[in-house]
Amino acid sequence: MTENNFALFPNSLKKQGDDSLLIVWNDGHQGILGWKHLRGNCPCATCRDERDKPANPFHILKPSELVQPAPTSLVPVGHYAYRIVWNDGHDSGIYTLESLRNLCQCQECIEKKTTT
Amino acid sequence: MQPQATMPKLSLPNIRTIIAVASGKGGVGKSTVSANLALALAASGNKVGLLDADIYGPSMPTMMGINGVIDQATTPLPLDRHGLKIMSMGFLVPPTQAVIWRGPMVHRALTQFLTDLDWGVLDYLVIDLPPGTGDAQLTLTQTVPLNGSVIVTTPQEVSMIDARKGIEMFKQVRVPILGIIENMSYFVGDDGKRYEIFRHGGGAKLAQEYTVPFLGEIPIDPKVAESGDEGLPIILKHPENPVSKAYMALAKTVISELGTMVAPKELPKLEL
Numbered sequence: 001m002t003e004n005n006f007a008l009f010p011n012s013l014k015k016q017g018d019d020s021l022l023i024v025w026n027d028g029h030q031g032i033l034g035w036k037h038l039r040g041n042c043p044c045a046t047c048r049d050e051r052d053k054p055a056n057p058f059h060i061l062k063p064s065e066l067v068q069p070a071p072t073s074l075v076p077v078g079h080y081a082y083r084i085v086w087n088d089g090h091d092s093g094i095y096t097l098e099s100l101r102n103l104c105q106c107q108e109c110i111e112k113k114t115t116t
Numbered sequence: 001m002q003p004q005a006t007m008p009k010l011s012l013p014n015i016r017t018i019i020a021v022a023s024g025k026g027g028v029g030k031s032t033v034s035a036n037l038a039l040a041l042a043a044s045g046n047k048v049g050l051l052d053a054d055i056y057g058p059s060m061p062t063m064m065g066i067n068g069v070i071d072q073a074t075t076p077l078p079l080d081r082h083g084l085k086i087m088s089m090g091f092l093v094p095p096t097q098a099v100i101w102r103g104p105m106v107h108r109a110l111t112q113f114l115t116d117l118d119w120g121v122l123d124y125l126v127i128d129l130p131p132g133t134g135d136a137q138l139t140l141t142q143t144v145p146l147n148g149s150v151i152v153t154t155p156q157e158v159s160m161i162d163a164r165k166g167i168e169m170f171k172q173v174r175v176p177i178l179g180i181i182e183n184m185s186y187f188v189g190d191d192g193k194r195y196e197i198f199r200h201g202g203g204a205k206l207a208q209e210y211t212v213p214f215l216g217e218i219p220i221d222p223k224v225a226e227s228g229d230e231g232l233p234i235i236l237k238h239p240e241n242p243v244s245k246a247y248m249a250l251a252k253t254v255i256s257e258l259g260t261m262v263a264p265k266e267l268p269k270l271e272l
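The listed protein sequences correspond, in order, to chains A and B.
Following our numbering, the numbering of the first sequence begins with 1 at its first residue and continues without gaps.
Following our numbering, the numbering of the second sequence begins with 1 at its first residue and continues without gaps.
Next up, chain A with everything else stripped away, as it sits in the complex (with noise of 0.2 Å):
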């Protein structure tokens, strides 16, 4: 069953004041996630398709635009994600445990990041 070992795993997830997410990796890794990252980032069909498209310089801001992100809940998704749900109402990203490891904020990671 060695293909069934999933290593990565988070031994706790904690808000970190009121703009961060921070996940204890089972590997010992202290992950800091934003929420403006985590909502700028979601991977959703939705929101990829609207990263995808040229930036819109006419562009006007809805007013659930100028709130701040912030999640309304986090719920496990299976053994393997999580599913945003968020304070303008959006919430069908799933956040896979891999993804929330490759969008680490934290100074290593960024380090590592700007490297490669």
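Be aware that one or more of the hints could be misleading.
[As the list claims (entries may be wrong)] Result set (SDA-like, lysine to any residue): computed pairs, CA atoms no more than 20 Å apart in a straight line:
| no. | chain 1 | residue 1 | chain 2 | residue 2 |
| --- | --- | --- | --- | --- |
| 1 | A | K36 | A | S64 |
| 2 | A | K14 | B | P268 |
| 3 | B | K265 | A | D27 |
| 4 | B | K25 | B | R199 |
| 5 | B | K269 | A | N26 |
| 6 | B | K205 | B | E157 |
| 7 | B | K269 | A | S64 |
| 8 | A | K15 | B | K269 |
| 9 | B | K269 | A | W86 |
| 10 | B | K269 | A | V75 |
| 11 | B | K245 | B | P268 |
| 12 | B | K265 | A | S99 |
Simulated from the structure, these hints should not be mistaken for lab results.
Let chain A serve as the given structure and place chain B on it in line with the hints.
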């Protein structure tokens, strides 16, 4: 991999073990394997349920000899047949009627089959998944506490291509893979010779490729199709047939693999 709707994890405390039988490709014998595996588990003294999760093309009514729509006023679902508790979309919709549904309806139907029916206390629930990696698979992997999956393939490369997709899906959603079974592995002719009609060894090769157990080979025999069409799976109709013996061995291996597995850990929650 997106949800169709809000999907809380279902609580199924009366069902001890849930096994999904899957393959990427259609026509490899998933329903035959599911039915015979469920019966083999029951023959070992277990209480077993069988859920046909193929909403668009249910095969279980024919295979289990249950024809026509069930009158729920007189016959409660899931049905008791051959010692199993069985549920299928085919009990609700006439065989000539197509179910033309989008994903959210498939999700709703499967969720209802699991939560609104009285399955009683089960040692095993075998779920016969439809081909592919679509809505039914997503619903079940996201909402049902699956203990493991069995991947069915036939020996040739064209089947293995899709089986790989099924394996990758289970890996991605962290459902343990109990192993791979090679169906229609070979045919033994009247001359006693072994004929490898669809080539041979694909299942074992795939198991090696993904470092998962190879659960065995099921030979091809016209009696399998005959029995299925008559509504009496081969394991009941011809228990001494090598195919039936292969299914009994498969059930033992599945039980043994489940015994060695560590249950997946629940993800920690965040209180906001």
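Here's how the hints hold up against the structure:
1. A/K36 with A/S64: Status holds; Cα separation ~13 Å.
2. A/K14 with B/P268: holds (10 Å)
3. B/K265 with A/D27: Given that 20 Å is the threshold and the Cα spacing comes to 15 Å, the pair holds.
4. B/K25 with B/R199: holds (17 Å)
5. B/K269 with A/N26: Holds: B/K269 and A/N26 sit about 15 Å apart, inside 20 Å.
6. B/K205 with B/E157: holds (10 Å)
7. B/K269 with A/S64: violated (26 Å)
8. A/K15 with B/K269: Roughly 11 Å separates the two Cα atoms, so the pair holds.
9. B/K269 with A/W86: At roughly 16 Å apart (the allowed maximum being 20 Å), A/W86 and B/K269 satisfy the hint.
10. B/K269 with A/V75: holds (7 Å)
11. B/K245 with B/P268: Given pair B/K245, B/P268 is violated - Cα atoms ~43 Å apart, limit 20 Å.
12. B/K265 with A/S99: The hint holds at about 19 Å.
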